[in-house]
Structures are given as structure tokens and as C-alpha cells.
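Asks: Here is how the chains run, residue by residue.
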Amino acid sequence: MTSVTIAERPTITAKDFQGPVDPDWCPGCGDFGVLNSLKKALAALGKAPHEVITISGIGCSSNLPGFINAYGMHTLHGRALPVATGVQLANHDLTVVVTGGDGDGYGIGVGHLVHAMRRNVNLLYIVMNNEIYGLTTGQTSPTSLIGMQTKSNPFGNMDMPLNPLAMAISGGATWVGRGFSGEAKQLNQLLQDGMEHNGFALLDVFSPCVTYNKDQTYAFFKERVKKLEDNGHDPSDWRQALEKAFTWSDEEIPIGLFFENHDRPALHETEPVLQKGGPLVHQSLGVSAKQGQKLVDKLM
Amino acid sequence: MTSVTIAERPTITAKDFQGPVDPDWCPGCGDFGVLNSLKKALAALGKAPHEVITISGIGCSSNLPGFINAYGMHTLHGRALPVATGVQLANHDLTVVVTGGDGDGYGIGVGHLVHAMRRNVNLLYIVMNNEIYGLTTGQTSPTSLIGMQTKSNPFGNMDMPLNPLAMAISGGATWVGRGFSGEAKQLNQLLQDGMEHNGFALLDVFSPCVTYNKDQTYAFFKERVKKLEDNGHDPSDWRQALEKAFTWSDEEIPIGLFFENHDRPALHETEPVLQKGGPLVHQSLGVSAKQGQKLVDKLM
Amino acid sequence: MGGVYAYTDSGTARNNLTDGLDAERNYMSQFDLKIAIGGAAGQGIASVGNILARIFARRGLHIVAYNAYQSIIRGGHTFLTIRVSGDPIATHGDTVDILICLNQDTLDRHIVNLRPGSYVIYDGEKLKPLEAPAKVNLCALPISELAKNPTNKMLSNTIAMGAALYLAGFDIDPLADSLTQQFSRKGPQVVEENLGSAQAGFDFAKEHFSPLAHTIPAEQQALPVVTGNQALAMGGAAAGVKFYCAYPMSPATGVLHWMAANGPDLGIVVRQVEDEIGVITMAIGAAHAGARVMCATSGGGFALMTEGIGFAAMTETPVVVIDVQRAGPSTGVPTKTEQGDLWQMLGASQGDFPRIIVAPTDLADCFTTIPETFNIVDHLQCPAMVLTDLLLSEGTGTVHPDVFKWDQKIDRGAMITASNGSNGDGPYLRYKLTDSGISPRAIPGLEGYIHVVASDEHDEDGILISDEFTNPHKRQAMVEKRGRKMEAAAAMIPAPQLEGSPGAEVTLLGWGSTKGVIQEAMAQLNADGVTVNHLQIKWLVPLHSDEIDAILSKSKKVFIVENNYSGQFARYLRSETGFNADGHIRKYDGEPFQPHHVVDGVKELLKGKLTQYVPTHEIMV
Amino acid sequence: MGGVYAYTDSGTARNNLTDGLDAERNYMSQFDLKIAIGGAAGQGIASVGNILARIFARRGLHIVAYNAYQSIIRGGHTFLTIRVSGDPIATHGDTVDILICLNQDTLDRHIVNLRPGSYVIYDGEKLKPLEAPAKVNLCALPISELAKNPTNKMLSNTIAMGAALYLAGFDIDPLADSLTQQFSRKGPQVVEENLGSAQAGFDFAKEHFSPLAHTIPAEQQALPVVTGNQALAMGGAAAGVKFYCAYPMSPATGVLHWMAANGPDLGIVVRQVEDEIGVITMAIGAAHAGARVMCATSGGGFALMTEGIGFAAMTETPVVVIDVQRAGPSTGVPTKTEQGDLWQMLGASQGDFPRIIVAPTDLADCFTTIPETFNIVDHLQCPAMVLTDLLLSEGTGTVHPDVFKWDQKIDRGAMITASNGSNGDGPYLRYKLTDSGISPRAIPGLEGYIHVVASDEHDEDGILISDEFTNPHKRQAMVEKRGRKMEAAAAMIPAPQLEGSPGAEVTLLGWGSTKGVIQEAMAQLNADGVTVNHLQIKWLVPLHSDEIDAILSKSKKVFIVENNYSGQFARYLRSETGFNADGHIRKYDGEPFQPHHVVDGVKELLKGKLTQYVPTHEIMV
Ligand SMILES: Cc1ncc(C[n+]2csc(CCOP(=O)(O)OP(=O)(O)O)c2C)c(N)n1
Ligand SMILES: Cc1ncc(C[n+]2csc(CCOP(=O)(O)OP(=O)(O)O)c2C)c(N)n1
Ligand code: SF4
Ligand code: SF4
Ligand SMILES: [Mg+2]
Ligand SMILES: [Mg+2]
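Here the protein sequences line up with chains A, B, C and D, keeping their order. To convert a position in the first sequence, counted from 1, into our numbering, add 64. To convert a position in the second sequence, counted from 1, into our numbering, add 64. To convert a position in the third sequence, counted from 1, into our numbering, add 4. To convert a position in the fourth sequence, counted from 1, into our numbering, add 4.
By construction, these hints were calculated from the structure, which means they are not laboratory data. Beta carbons are placed, not taken as given, at the ideal position from N, Cα and C, and that holds for glycine. It is possible that some hints are incorrect.
With the C-beta cut set under 8 Å, the calculated list includes, among others, these residues of chain B facing chain D [as the list claims (entries may be wrong)]:
1. GLY171
2. LEU199
3. SER216
The calculated lysine-lysine pairs, modelled on DSS-like cross-linking and capped at a C-alpha distance of 30 Å, are [said to hold, decoys possible]:
4. LYS561(C) with LYS558(D)
5. LYS558(D) with LYS558(C)
6. LYS542(D) with LYS79(A)
7. LYS190(D) with LYS278(B)
8. LYS132(D) with LYS478(C)
9. LYS436(C) with LYS485(C)
10. LYS409(C) with LYS340(B)
11. LYS358(A) with LYS190(D)
12. LYS413(D) with LYS362(A)
13. LYS478(D) with LYS613(C)
14. LYS478(D) with LYS436(D)
15. LYS413(D) with LYS358(A)
16. LYS485(C) with LYS611(D)
17. LYS558(D) with LYS478(C)
18. LYS38(D) with LYS478(C)
19. LYS542(D) with LYS362(A)
20. LYS157(C) with LYS362(B)
21. LYS611(C) with LYS478(D)
22. LYS38(D) with LYS210(D)
23. LYS558(D) with LYS560(C)
24. LYS79(B) with LYS542(C)
25. LYS611(D) with LYS478(C)
26. LYS132(C) with LYS478(D)
Label pairs and their computed distance ranges (CB to CB) [what the hints assert, rightly or not]:
27. ASN262(B) with GLY430(C): 19 to 25 Å
28. MET496(C) with ASN262(B): 49 to 55 Å
29. ASP314(B) with GLY191(D): 30 to 36 Å
30. ALA222(D) with PRO84(B): 53 to 59 Å
31. GLY430(C) with SER352(B): 39 to 45 Å
32. LYS130(C) with PRO336(B): 35 to 41 Å
33. THR75(A) with GLY430(D): 39 to 45 Å
34. LEU437(D) with SER352(B): 54 to 60 Å
35. ASP411(C) with LYS560(D): 55 to 61 Å
36. ASP86(A) with THR421(D): 28 to 34 Å
37. GLY92(B) with ARG416(D): 36 to 42 Å
Build the full structure now, drawing on both the sequences and the hints.
Replies: So, in C-alpha cells, the structure goes:
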């Protein structure tokens, strides 16, 4: 990869990540906050736009790659993680940020999430969790609360919502956090930490859908969120982390860094081909005559 | 459904569940133990064969429905749970037992598992966990341990295995157990309890693949398994349950009932149509002239 | 060169952008009115459309509405056309008589397409028209003066409706009724504001303009207004669907919304599932247990279902899947129409097996097709795909109330639902080899009929012949048994009929949702002196190849009209019959055909220089 | 009536079970030997086959082996045929010269099919032959006497090999070498037991029987023995595949196993993924990042990939997917062969888009096709499907060592891999509208080429035209741009060539893996006085329709041979050309064609009473 060393780098600001078009999200949508914080976090880490790739599924939140100046892939509904795994393994010099919604990541895509977490793929996965399907105009999502009325559940949802943080902590994610798009400063920090983490980082973000979710609004979260860092939480303790993951009440919905584990290698570090040869896309192609002869000899 | 009342029932024995053909599993395969215990457990509960339906995916373990005298569906790889959900909602008088392997249920099918658990579908899901892909002749499975050499990982698996019990306990399953096909008596009891449980019951069973898994053998488990009921475990306490789910050492691999929760209604109990009208397949079809007129009136 | 693109290389022409809009094409009813409303998403366009549609339908007029919208919740450009006629109509037509512009963008985009004598309604205080074509009536409303509450932005829509109704020659009462009904739950003040504003708009128009010249038909029996998706859902209910499951996907979500709202009342269990793989397999589970089961999706969701389609075929489980096509490939253009999924349906899942594919041809047919299809799949025990598209499924229009027949024949075929069922001699064989290929199926739970169904190949008794007991002769017999079931299928459905004069110069051949536009083009062409007849294909598999071949071989020139790039139907027809059409009219820009596109195409193709005509959509949406 | 079954109703005949096995059909080399080994899974049949194959191949003889097995690990019936010839061969032939029976079941099933002069080898102490056909030599071995260690059950296989080698006219040395090599890691005692037992078997046969009469060719250069799956994997390595991912599925798993074993050495990252959806999307991710990427599956796994195929097409990402067909539909018969996935390939994913479909025709072609295909998809930036089947992929045979060309041309097409790449003027446009439809692609990580790729429809710069900026004209342009890419495709591949005499009575038309069997049948038919020529189709999309049409229109009678029920290729060919074949030879019982099936079919069809011939498989496996 052609890149400049840190010393020569021009100073990078959030503006460098300004995308080619303005987001077409509804005015007030929580996703604006995530986008803005992400641009700032990238700038704070001194990433150059071409070193970053954002990869998303399908949904309002998954439109994010179109709104930021970086490489991007806007993939299929629910499939951002395997695509991102392919990108990361093919070029582990890239900073890989996956963005999407609760339906995309915890619904149709949850199988890939389970496996990406246990494999510890080195990427930050930001789920803009609005507890609803936004793009398809308001149906129940896997995080919709019981009783919520949506177009697909006009008499109230009865399926127990999924707890993404508990799933991640018990499922092998090595960095697990939750932000709120109404808490920009903390969000910015969480984004930076998640990107810096070597391994799979899940960042769930409360990102209200002002158009279709009339229950979990900014006000709803503002009243309830409590920062973990303000209460002496120890993110290296999985028991505490799970305890907090199961905390959800009118008095407290915790946000912040729930859990981190620095002891496991990231997936690309377990691949001998990558450890020997560096990023795959820069390695040479094909089989030498000598190697080839060895392969044929095995057949005789 | 045409069924006889309990009083008139002839006594049912495991023999009544004898299937039409002998299992074609390798001699010594752990799945024999599961099949035998299942027949006994069904008999012990006094189920008549026609009241039971076993539903599986694809794999050696998923061949089970062909080897038992009961209604059965041998579905697609990884898809037993949504099929079973359809069956259960269409006829909640049936006893629904889902059987399959670790690859089937925790690999390709894990997304459905996550959602079936949180929905609390009333069924028993038996996963014959041999930490390998048997039917496809020995590749790494999602529960294969790190370092295990298989045909798809001849240099040793490096992906962290999934912890199905932790996932289930933190994911909303209302009954979570683990058996060992070398512990027939406990297994029989777990199967009975799991079938009696109203809601989603996950029973992971160590069921050694004698042909392809040379690491996790009968001897391996015999030496390590410890029964939870022998050690005063309280299955109503999720913290204890998770603690035990994360216990895996040469000294102790716990088996038994990890967790149960009787407070949540099963999915079919949340469906007003089923609560009003009984099993769906016995309800009348179509729309009355009066109902129809109401529907058309809404359009005018 | 060939491949799947075989047809597409032939010379292709583009129409001129303004071509075809100039000529008067009112060959139908005395009364034929087209109102268009344009603005941004979030400006309440759909609600204006709904109010107007109901007003006209309630007095027995026929309407068709088509909404060109985008996949955003606010902003962008939405353009809804509503056509009203004294006679039944099937398209939103070619032109616009009254254009209501809710923003400058709409004025800029559409004013150029207006014909002499038409009206453009807009907020004269905020918007400025570009140069308008000659004789277009600029109806600039002083909104702030006319609005009865300056803070309620939505009143400008009400004012515009009032003005439009005057220009259309109607009186204000039905609008007043509608507004009262619509806003009563918001309190009397809002109702008053709306009524006053509507009246103000009406009066302003009356003062400054003269209305369109046409005779308004006498009031008739009110007509229901329905979307294709609603009609499909209602057809399902009428067919006895007891289990509906789906995952949201535009443009199929309307079926789910209708089912979710009405299912509990009607005794239908409605489930939103985690993904489309879960949908199809849950559907198969419920169907195997004995319920009539339906689900709906669009092309991308259907792709995920294809493995399940083969599973349904192998287990011989009847299940009905609706695929509402949108512009592809991949996520494509979620809010735009196309007929691009035919080959996906034909090729869904590995191996050979019976399947039914049917493409309803209009709104009423959406309702009717579902019970028809269920009776066929219950008889044949196989999966069916119902192929509609955004145009038809989200299209809105009036249908005759008698279309909604609630006493549908429900024929579940050879199905054993009680233990004293017709088992005959010997043990029950789920996959008994019969002459018809159809084996009676017993639902689980019955004593005496225990069996296992499998996605693996199996013997008559359901025991696998894929593992220990492989046997080429049994395998062959089972493939043939399943295949034989299709022999009965063609007899269960009517062969397609040629409409119009058999000796016509041109036969227009279409499938599915293009029926209306082809019919209207045919009428226009016949009026223009080009004799045309029309064959529309609804049942795609089985296809009445012989009957179709017999009709087409008598045709002078056959032009195939379809809303895709590669000629999916033309290629399929050729695969079944070897028939080569003389020309092709295709469109693949996301927007539906309008009648004049077909008219122009026929005239162009008749010149003999092209074999393919691709119109360019004039309306920039 | 029609539908996807259009072709299948025509009169169909069955061959007589023993028909075709009686006649001598040794029209090829002087030396042509067929050994079959039957028994239960777990009895070591594959290893006997491997040892024999290597022995023959090492002395330069050509071999083909076909294993009829089942989806169980122990038990059932496995039947491996290995044919050896002095000349290159392409099928396992029609008959058996030496039958080795490892259990009674094998004796019972197969003895009836033996020809006069052939041998059957079995344990005379344990097994009892049914009545054997006349002049079959019953070679009953006294295993317990001959075995050098009574507790080692596997020695009976060694004894049988010794006997078989004598009967085949070979000496014992190569077997001794093989056994030494094979068992050396088990210690000298095991080697001794095996050597002694082999010798005992050899000597026993020598004492009691005379060997087959044929001349054994002089020793030649050793030949490599390869399976189709290995050849595909090696082709991938040669083509520069850097990322291979897969999910295990028979009969495609062999590619994964080869890659897993050799990838680390060759610098190929190999990943087993959680499912096939993950496989195709991970493959697309790695391909977009710049790697050459391959994956393999079978029909059911491919069904799950179809949504991803459309995604690759829309983002214009080159990726190669191998589909190894097995008997369907659904799980079907996982260990049996079929050519039943063609329409799944043609219809994979919604909408119209460019795709490549290629069906390699023999083992050597499995290797060669992969680099060819990668160069095409890199040029066209689209997905390709490589269609093999169980017969070809798990089939084993010798190929000339020169087939494995390691200095393959690797042409990555218009790809920008460094920041000083050829950007030209103006900003980089990932989807630039060009005459060829091909737009240079830049890999992520480069300065100056930032872009976003999307499954949504997009403009030249990658910005979505599916949401706010929908635009029918841009949409149309993008559809046409992608479509145009196919214009270059046909020129990149050779047109198919007719083999044999142009004026022949019959043209046999096949596709993919049936090449060998058709060629052998052609030779036999020509020897029998029926003149036949042969056209085999490898490249299915693009299809050289004009060239094929030109050849076929000159043919007297065209019979299409395919290993499926509905005539998937016949229907596809008709969809592209309108061409109607005169007859069809089809098989769909899970077993492959043998040459005599085709020979019989041609003769039967030539009688003019049938349009379709379906042989019945004589060998009960
Ligand atoms: C296979 C498939 N099924 C369904 C859809 C339709 N779809 C698009 S976005 C979406 C859900 C979006 O919800 P979420 O991920 O929560 O994103 P949000 O819009 O709320 O940000 C769905 C169901 C699709 N694109 N693909
Ligand atoms: C879609 C699909 N992909 C792959 C396969 C091939 N396959 C069959 S069984 C199996 C894995 C079986 O492993 P597991 O579920 O652990 O069962 P076991 O054989 O070990 O009991 C696979 C990959 C398939 N049948 N379908
Ligand atoms: S619909 Fe909801 S999630 Fe989508 S852009 Fe609007 S506010 Fe945001
Ligand atoms: S391969 Fe393993 S899992 Fe399969 S039957 Fe044999 S022992 Fe059991
Ligand atoms: Mg959401
Ligand atoms: Mg397993």
C-alpha cells in the first residue's frame, strides 16, 4: 500500500471525511450523530480517508458509507460482517469499520455476528440500534421492546428482545460497548477505542428513529442512560459486564465500555500466510514451477 | 386431533418408538445413546408415537427422525428450528422435538437458534454435539476446540469455539441443559424434563463421533464430566448458570440442568388466534360473507 | 454471440423525449381526468392521493393511481398520478390535466411535459414556474391568504385539492366530507381549518379559471379502492390462508401490513420472521402440519428462499410464495418496478421438480389468483410462485366490489386430516407411486399415518434412498413420479385467449402486469389505423405452449412487450416453443410503461428497421 | 401442455436390463482392463482403488476410476470400478473383467452382469456365489490359509489385489513396492504380512487360473492420478487464487481439502466459513479488496449464494464459484451425480446482469478452465459459475503431466493497484460509462481513488441513484453499461468444434462432463456402422449460438445427451437459438452414463419411434 509515514502526514480533521452528498436521513435522525462522531474519531486517530473502509448492510443506518469520504461497501442486508471479514483478511492494513442497523445486524445477520465475534476479526462494528426497521417504514426489530406497536405488530410485539451486549460478552467479542447518539463526546471516545482495539469490537449505539419509533426517543434515553465510567465499572470483568448488560430500567440504562479482553489474537494474526507475507493483496500470485512440480509429484 | 384420553391409553414402552430401519450410524457413534434415551424418555412421558414429531436438519445426527417411530421431518441443513416453529404454531398439540448436530445448529443455523430462543417456541432442541462435521467426513465445527486438526484445518483450528450454553442462558432460552450420551440415565431425565418444559428447551449432548473426532472421545468426557445436580447447582440463578457454562477444564465439564425459567409464556401462548381457537390446523378456513363485507367497506 | 443477452444486441431506438405527449389520446371515456401531485417525501402526497381517490371512487368513478417515489422518508421527489374515468381503466395514462406542485423541483421537472389546456397549481408566493409550454394555465394560489391557519403547513395541500376539484368540474362537498372524516380525531378546529381552506382554494380557482370541459357521469355505486398487495392479501384470506409469515421487503411489505392488521380478526396467525430463509422454512413447517400458508417478498428475499423451494418440492409440500419484483439486480432500485425475476423463478433451486409460476395481470386478478393457486398447489403438492411487480402491487385502483368473492372453492386435494382417512390397504405410503404422481398426504398427529418427510431422496414409504439404500431404479421412479404431477397442471388452468381481431397486423404479447397498458395501447393503435390484437400470459408454468404456438403462428407480426432488459419472457417462450418474435418493446429504467410507449414502439417497429424498441421515460422522477 | 417439463412427455423407452452388456466392445486399445471392487463402506475399498490406480499409472498406463458410494461412513454398498488402458480413456467403460467381492452382497448384486471370460474374486470360505453366467471364472480364495496374520482383516484386500494382478497379466513387484510404501509407517511386521499375503494371492491365482489374454504395453513415463476436485483446486492455485473460502458440501468438499492442505505452503488464505451465504459474501469482500478469490459448493449451497451472485454483478466484482452438481432436488442424493443445476445457474438472483457459466468437460479441463475463467471475470468484472458434477469432480484418472501448466497467463484486466494508476482526467469514476461497459476498478487503500460500491443502483461515481437521486435515464444507462460487457465475452473464448465426420448420420450433442462417454459411444457406433459426430459445449454463457446453430443446421439428426430429467440444456439451447433436437438421451437415476447407454439410445432413437430414450442402469449400487 502506498501510504505516508505518520511523521509526514498532513493534519487530518473531521472535514476530510466529509462525504460527496448530504445524508438523506430524516431531519433529527440519530444516525447523524453517529456519522459526525465517526468522522471526528477518525480524524482524532489521524487516519487518512483512503486508509479507511466502511462496510454496511441495508437499512437507513447502512446508508452511512455513502455519506463519508472513505472507501466503502454498501452490501446486502445482513451480510456486512462476512464481506468485511473478506476485506480485512485480504488487506489487513485497512481500518475496517462496519456500520448497520439492529435489523441488519441482530436480525437477519445475527448468525454472521456470532461467528465473527468468536473469530475475533479485527474490525469495529457499529450498530445503530433504533429498535425498529426504519428503511422499510417501521416494523418490529429484534430489539423492539415487548408491547411496542409497529406496522407488523399493530397489536403490540410479544417477542422478547435480544440483548446484544450480553450476547457479545458471552459470545467472544473482545471489546463491547454501548453509546448514545445524544452523547457525542462519549460516543467519539468509544469509536476511537473500538477502532484502536485489536480484534472484534461491537459498539451498539442508541440512535433514535424519529419517524417510526415513538417509544425509544431521545428523551427516553436522555432520562435513563448512565455512564459506566462514572460508576467505577471494570470492563475487564466479564461478570460485571454481564450484570450491566442485563441492567435495563427506568432508573438506569448503562452506556460506555462494558467489556474488553486483550488476550486473544485477532483472526488475521492466526493466519500464517498473512504473518509471513503481509497483506494478501500485495503478495505475489500463482505457483512457481518448483512448487508446481511438488504438487504433481504428490499425485504420482 | 383424534387422540385418546390418558385413562384409556395402552401402556407405551420404548419399543413403540422403534423405527422402521436400523440407524446407519457408525458402530459406537454417540448418537445411538441419544436415540435410545429419547425413546425411553418419550415412553416414560406416556407419549403415543403419533403425537410426537421429530424435526432435524442435515448431518449424521439429523438422520435421527428416520430411526424412530414418530412423525418426522428431515429438513435442510441448519433450518430445523424455523420449520419446527411453523409446525408448532400450526399444531401446538404436537410434541415437537428438534434434533441435529453442532454444525447444523450452532454453525449454519445459529441465527435461527438465537431467534427461536428469544421467542420461546415450545419445543425441545437436542444438539448432538460431537465437535466435528461427521456426515461430510470430518471438518471443523463451531464447537471444535482450538488446535484440533481436521480435514479443513490440517494444521489446527484457530477459531475460538462457541459456547452454546452461555449463548442460550444469556439469549433467552427458558430451559438449558447438557447431557452426555455416555450417561444414559441422566440423559433420559434431561430429555423428559426438556420435553415437559413449556417453552424453548436447549439440550446440548456430548455425543462422540468415533470416526472423525479422535480428541473428544467417550474417554475424554468420562474423565471430565461432573453432574450439576451432585453439586447443589441452582438452575433458577442465571449467574450461577453462566458461571457453570463457562466452566471447562480437565477437572470439570459440568453436565445436567444449567438453567430454567418458568415465568415466560411460550410463543403459541402469546398468539391470540391460537388462544381463542385452539390448534390452527383444526380451525375453519376462509372468510365469512360478513367479515368479507367489513374488509371491503374499509376500502371505500 | 449469445448467452443470456442473446436478444439485446439488435438495433435499438430511443423515442424523442417529448414525442408522443403532444397528440390527444382520449379514445376512451368521455370523462378521463389525470391529476398529478409532486413534491418531496414527507409533504403528504400519498394522503392527497388517497383523499382524491376516495372522493372519485365513492361516486362510482374508476381510478388508477401510480406513485413514483424514492427510498427515502423525507426529501427527494415523489410524483403521484391519479387518473379518473367514467369507464374501467387499467393504467395511469399518458398525460396530465392538472398538475399540483408542492415544491419548486416539481414545477421545474414537470411543467415542460404539460399539454395545451392543462393546469398547473402551485403556491404563487413561493414557487416560480420556468417558461411553460403554450396554453398551459398557470394557477398560482396565494396560499398564505387562503390558508385558515398559517402555522399548519399541510393546509396548502387542502387548498390545492379544493382548486383542483373545481378545475375538474366537481363540487366541493365530497372533499368537505372526506376532510371532516379524516381530521375529526384531531378536533373540530383542525376540521374547520381544512374545510375553510379547501373552500378558499375552490373559490379562488372558480374566480380565476374555467374548469376542464367534460361531462361528469352520474353518480354510481361506490367502488372500493385497493392496492395490488391488499388484493393479494385479501385473496389469501379468502383462500383460507391460516398462517402468513414474512420478512419486510419493499415492495412486498404491504401484504404483511394488511395481514398484521387483519389477521387476528380473521383467525390468521401472522409472524414476522428473522429472515427470508426462516420465512420459507417456517411456511413449509406450517404447511406440512396442515395449514394453508402464504408468504411474500421481493427478488432479493426470494433469492434466499430458493433452497427452501426445492425442499418444498422434494417433500411435496404445497406453499405459495409471492414475489413482488422491483428493479434489480441486487438491492437495485427498491422503489422502482421491473419484470426481472422470471428466470430466477424458473431456475430457483437445484434439480428438476414441479413448480407453478403465475403472474396476475391486474388488481382484480391479484385477488382471484390466490385461491386458484392454492387449489392447484394443494392438488399437486408443490410450491407456487406468484409473480407481481411494484407497479401492480403498490399500484392503486378501483375494482368492482363483486371481485371480492368470499365463497371461494377451497379444495385441499388428496389430504388426510382424520385418522379414519382413506388409507386403503396396507401401510400408509406418503410417497405412493401413482399414475398421477399424486400421493395422499396425511397431516402429523393422526394415528395410523406416521411417516417422515425428507429433503433427501426417499422411497414410497419415505425411507431415505440417499444413504444406505441408494437404488438407481427407485431414484428414477421417484423423479418421474414428481414429474408426472405436472401433467395434471395444465388442465387445471385456462389457456390464454387472444383479444381483438384475429387478422390484425400486429399481435402484442405480454405477461403479468402489462395487460392494462397493452390493452390501452391496442385501443389507441386501432384508433390510429394500425390493427393490433393482444395475447397476455398469466400462467407461466405450466405454459400452454401448444395453444400459444397455435395463436402466434397465425399472427402476422408478434411484438413482445416486457419491463426488463434481456427479454426474460421472450427467451423463456422460445425455450418452450422455439418461437421467435418479430420485435421487442422493452423498458428497464425503473418506471412502468405508459400506453404511448407501446404505441410508439409498435409504429417504430413496423417501419422494419429495428427489432427492438426501448422508450425513454419522459417524466423525470 | 408445457412448462419446465415441456420435453419430458414424449415417448420414452427403457433398455432391457442386460441389453448392451453382452456384445464385446473393445474397440480401443489392445489393452483395456476393467477391475471392480465391491463391499461395504469401511472395508477399505477406496484404498484398494488407490493402490491399483497408482500401480498402473506409475508404469504409464491410463486409468479412470469411478466410485459408486453412499452417504454413510460404514455399511451399505460401495462399488468402485477402475479401468486401465494403454491409450487415453475418458470413462470407466461398460463391463468388468475382474470383480473383487468383499462381501456377499457384492457377489449377489454383480455376478449376473459378468461376461464370459471374466473373473470373480472372493473369499471362498465365507461367500457363496449365486448361479454365475456361463464361462465366468469363479476365483474363490481360501483367505484364512493365505492371510499371513489371521487377526488383520484388511489382508483379504491385499490377497485379492495379488490375485487380480496375476489375472490381469502383471507381475507382483509394483504391488509389493506400493504396499511397502503404504505400510512402512505401521512397522516392518505389517509390511511383511502384506507382502506375504499379496504374494500368496498372486501365487494362488497363478496355480488355478490363466490370466486374461492381452498385450501389456511397455513401461512409459509415469502419469499423475488426479480427481476433478483436485484439478480444480490446482487450477485455482495456478490462476493466482489468494483467498479460498468454502463450507463443506459433498461432492465439492475435495476442493476445500486440497486447499486446506496446500494453501499455507502456496500463500493462499483458506477459510471455512459458517455457511454459504458467508462464503460468497466473504469471497466478494476479499475480491473487492483485490485478491483473486474462489469458492466451491454444491447445488443446495449455491442456492444460498444466489443473492450474493447478484451483489457481485451489481458491484462489478469478479469472483469464481464452482458448483459441483449432485442428484437433486434439495438434499437429494448427496453421493450421486446429475447435471441438474444449469437452470439454477441461469436464473441465479433477480434482475438482468452479466454472468459467465462454464462446464469443464474432463479432468484436464478442470485444471485449465480455472485460469481461463479468472482472466475473463477479471476483464469483465462479473461473477462466473464453473459447473462440474460428482462424476467429474470425484472421478479419478490419469492426465498428462503437461496439463499442469504453472506459468499461466494471469491477466487482471482494468485494475488499478497503485496510486499512480491510470486515472486519467477528472475524479475517479468507479462505474465510468465506457463503450465496452468496462470501468477500471481501483482497490481500496489507494490515495486518490476513494469510492463506494453498492448493491443499490448507482451512478458513474458510485453515488446511489436508488434513494434521493433516482433517475430513469441514469438507471437505463447503467443497466446497458453492465449488459454491454457481455459483448466482449464471446470473443474471449473459442467456439465449440464439431468432432468427427461432418456428414454423419447423427450428431451427438452434450455439455460438460459427458464428453468422454459420448466420444466413446461415438467410436463404438462408428465401429457398428452408424456414423456419428459429436459437439460438446463447454462455455454455456456466453453461448456461441450462431456457430452452434450453423453446425446443427447442417446435421442430419441431432440427439442431445444429458444427465437430467427435464432436458435443462436442450431447453436452454432452444431459448438461445430456437433449435429443436430430434431426440434426447437422458438419465436421472443418480448414476452416470456408460458408453453403451448412449450407443443403445442412438440405435433406439434411430428407429424413429421415440424422441426420448432413458436407459436403465444395470449395475445395482
Ligand atoms: C434479503 C433482504 N430482505 C429484506 C430487505 C428489506 N430491508 C431493507 S432494510 C431492512 C431493515 C432495516 O432495519 P435496520 O437494519 O434496523 O436499519 P434502520 O433502517 O432501522 O437503520 C429490510 C428488512 C432487504 N433489503 N434484503
Ligand atoms: C446448504 C448446505 N450446505 C452444506 C451441506 C453439507 N452438510 C451436510 S451435513 C453437514 C455438517 C454436519 O455437521 P453436524 O451438524 O455437526 O452433524 P454431524 O454429522 O456431526 O452429526 C454439512 C456441512 C448441506 N447439506 N447443505
Ligand atoms: S426512518 Fe428513522 S432511521 Fe430512517 S432516516 Fe428516518 S429517522 Fe432515521
Ligand atoms: S461419522 Fe461420526 S457422527 Fe457420523 S455416524 Fe459415524 S461416528 Fe457418528
Ligand atoms: Mg433499525
Ligand atoms: Mg457434529
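Asks: A separate judgement is required for each hint: does it hold in the structure or not?
Replies: We went through each hint and held it up to the structure:
| no. | hint | result |
| --- | --- | --- |
| 1 | GLY171 | 5 Å, holds |
| 2 | LEU199 | 7 Å, holds |
| 3 | SER216 | 5 Å, holds |
| 4 | LYS561(C) with LYS558(D) | 28 Å, holds |
| 5 | LYS558(D) with LYS558(C) | 28 Å, holds |
| 6 | LYS542(D) with LYS79(A) | 53 Å, violated |
| 7 | LYS190(D) with LYS278(B) | 18 Å, holds |
| 8 | LYS132(D) with LYS478(C) | 27 Å, holds |
| 9 | LYS436(C) with LYS485(C) | 9 Å, holds |
| 10 | LYS409(C) with LYS340(B) | 26 Å, holds |
| 11 | LYS358(A) with LYS190(D) | 25 Å, holds |
| 12 | LYS413(D) with LYS362(A) | 24 Å, holds |
| 13 | LYS478(D) with LYS613(C) | 26 Å, holds |
| 14 | LYS478(D) with LYS436(D) | 12 Å, holds |
| 15 | LYS413(D) with LYS358(A) | 20 Å, holds |
| 16 | LYS485(C) with LYS611(D) | 27 Å, holds |
| 17 | LYS558(D) with LYS478(C) | 39 Å, violated |
| 18 | LYS38(D) with LYS478(C) | 27 Å, holds |
| 19 | LYS542(D) with LYS362(A) | 29 Å, holds |
| 20 | LYS157(C) with LYS362(B) | 28 Å, holds |
| 21 | LYS611(C) with LYS478(D) | 28 Å, holds |
| 22 | LYS38(D) with LYS210(D) | 19 Å, holds |
| 23 | LYS558(D) with LYS560(C) | 29 Å, holds |
| 24 | LYS79(B) with LYS542(C) | 53 Å, violated |
| 25 | LYS611(D) with LYS478(C) | 28 Å, holds |
| 26 | LYS132(C) with LYS478(D) | 27 Å, holds |
| 27 | ASN262(B) with GLY430(C): 19 to 25 Å | 39 Å, violated |
| 28 | MET496(C) with ASN262(B): 49 to 55 Å | 43 Å, violated |
| 29 | ASP314(B) with GLY191(D): 30 to 36 Å | 32 Å, holds |
| 30 | ALA222(D) with PRO84(B): 53 to 59 Å | 57 Å, holds |
| 31 | GLY430(C) with SER352(B): 39 to 45 Å | 41 Å, holds |
| 32 | LYS130(C) with PRO336(B): 35 to 41 Å | 50 Å, violated |
| 33 | THR75(A) with GLY430(D): 39 to 45 Å | 27 Å, violated |
| 34 | LEU437(D) with SER352(B): 54 to 60 Å | 58 Å, holds |
| 35 | ASP411(C) with LYS560(D): 55 to 61 Å | 59 Å, holds |
| 36 | ASP86(A) with THR421(D): 28 to 34 Å | 32 Å, holds |
| 37 | GLY92(B) with ARG416(D): 36 to 42 Å | 51 Å, violated |
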